[in-house]
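Participant: For reference, the chains in residue letters:
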Amino acid sequence: MTMKLPPCARVLALTLLCTAPLTLSAQPRFEQSISLSGGLYAASGFGTNFYYDGRYDYFIFGGRYFVEASLGIGSVDSKVLSTVTKAQLFESNNLVTYEFSFAYDYAPTGNFPFILFGVAGIKEGEESTFAGVIGLGKRIPLPGLFGSNSLGFRYDIRDQIMSQRLNNSDPFIVHNISATVGLQIYF
Amino acid sequence: MSESFRIRALMSIVVALMCMRPAGTQAQDTSGKVPSEPPRTSLVNLNDAVSFEVCPHTGMMGSSGTFGLKLMTTYSAFSLELAAEQVIGKTANLYPVSVNAILNLATHGRLIPYGAVGVGLFLTVPTSALGAETVSTLGMNFGGGARYFITRNFGIRIEGKQYVTSVSDSRGLKNDLLFFEEVSIGATFLFH
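Those sequence lines, one after another, are chains V and D.
Take 1 as the starting number for the first sequence in this note's numbering and just add one per residue.
Take 188 as the starting number for the second sequence in this note's numbering and just add one per residue.
Honestly, the hints are just simulated from the structure, not real lab data.
Please read all numbers here as calculations on a predicted model, not as lab measurements.
A portion of the hints provided could be inaccurate.
Some chain D residues well away from chain V (every beta-carbon gap over 10 Å; in silico) [as the list claims (entries may be wrong)]: (1) Ile-275; (2) Thr-294; (3) Val-304; (4) Ala-333; (5) Phe-341; (6) Ser-353; (7) Phe-367.
Pair by pair, the computed Cβ-Cβ distance ranges are [what the hints assert, rightly or not]: (8) Val-351/D to Val-80/V: 21 to 27 Å; (9) Ile-345/D to Ile-134/V: 18 to 24 Å; (10) Tyr-155/V to Val-322/D: 39 to 45 Å; (11) Ile-173/V to Thr-321/D: 28 to 34 Å.
In silico negatives: residues of chain D with every beta carbon more than 10 Å from chain V [stated by the list, open to error]: (12) Val-237; (13) Leu-298; (14) Gly-302; (15) Leu-310; (16) Thr-311; (17) Ile-337; (18) Asn-340; (19) Asp-363.
Using N, Cα and C, we set each Cβ at its ideal position, and we do this for glycine too.
Let's have the full structure, built from the sequences with the hints guiding it.
Facilitator: See below:
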């Protein structure tokens, strides 16, 4: 007894057979990546300023999970505080953040973004604060770009949640939001 | 079925059993040389060669969050570690920098528990108190933890430690012994 498939089913099966290996092998063969990103950082109570960060990722289980360490720099400059209230909360307006995060990427080669959680140290001026981090993002491989298969694009959104105390105020919960886009190099 | 066929079949079975017998007796003979099996490879084997590890970690010391980095070199059961971290306090940041000796309680496999002891410097840097100065003291630490390797080069590390340091008052008349407990979790990257 022979079973005959209709032509459209044959074409579909052949297409799936041809594309599946490409889809599966697009990312998992890389174990690590570094990326440089730029974007905006909205510090709660201060202004929104440009923000730049570098990230190191280590992928496990074919890229479905990864750990990430990142270092970012920016500013907590606030036009409202400096021009209207003439207040200077910190001696400098430098912002430095560093994060350790763990991420789950449901579909490393699909369209669904990864989710991430971790911890961060945030240095606003001279004040250091320990924060929790949640976020999401997406890694989009760009095979063939500049003749290389190890380049990619990424976007990230992070919420750094922390308890802050300014000028001996009662502690209050703040959310600092960052949104960045960047270039990722796999190796 | 004919009688001659039965006899031939029975004889065939007996001959087959006789042929197998020597092999069976050799299998029980312990004086013979055991055939060499290919060595079983562990996911991580610290006996192979000197290895290096980089361990970023985070955790809690009291109610303060910590960040740190440990660099470690290992041969077999012994490791030497250089550790530095930042403890983010409300009014000051503490920076313990220490050199630690580690005894690995396993040298191969996925799970490597260990005990550690070390000495180091504690730098307390005030952040909000105007005019306050950085204070440095000597101290020691001890504790234990475990590393669980997920791949040959990557694992998770958890650790609990007790830090002890002595702080004297501004006139140097009285010493107070201070104890800090820390728990941390991090990643470890292994290189050969």
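Participant: Output the indices of the hints that this structure fails to meet, ascending.
Facilitator: Hints 1, 5, 8, 17 and 18 not satisfied by this model.
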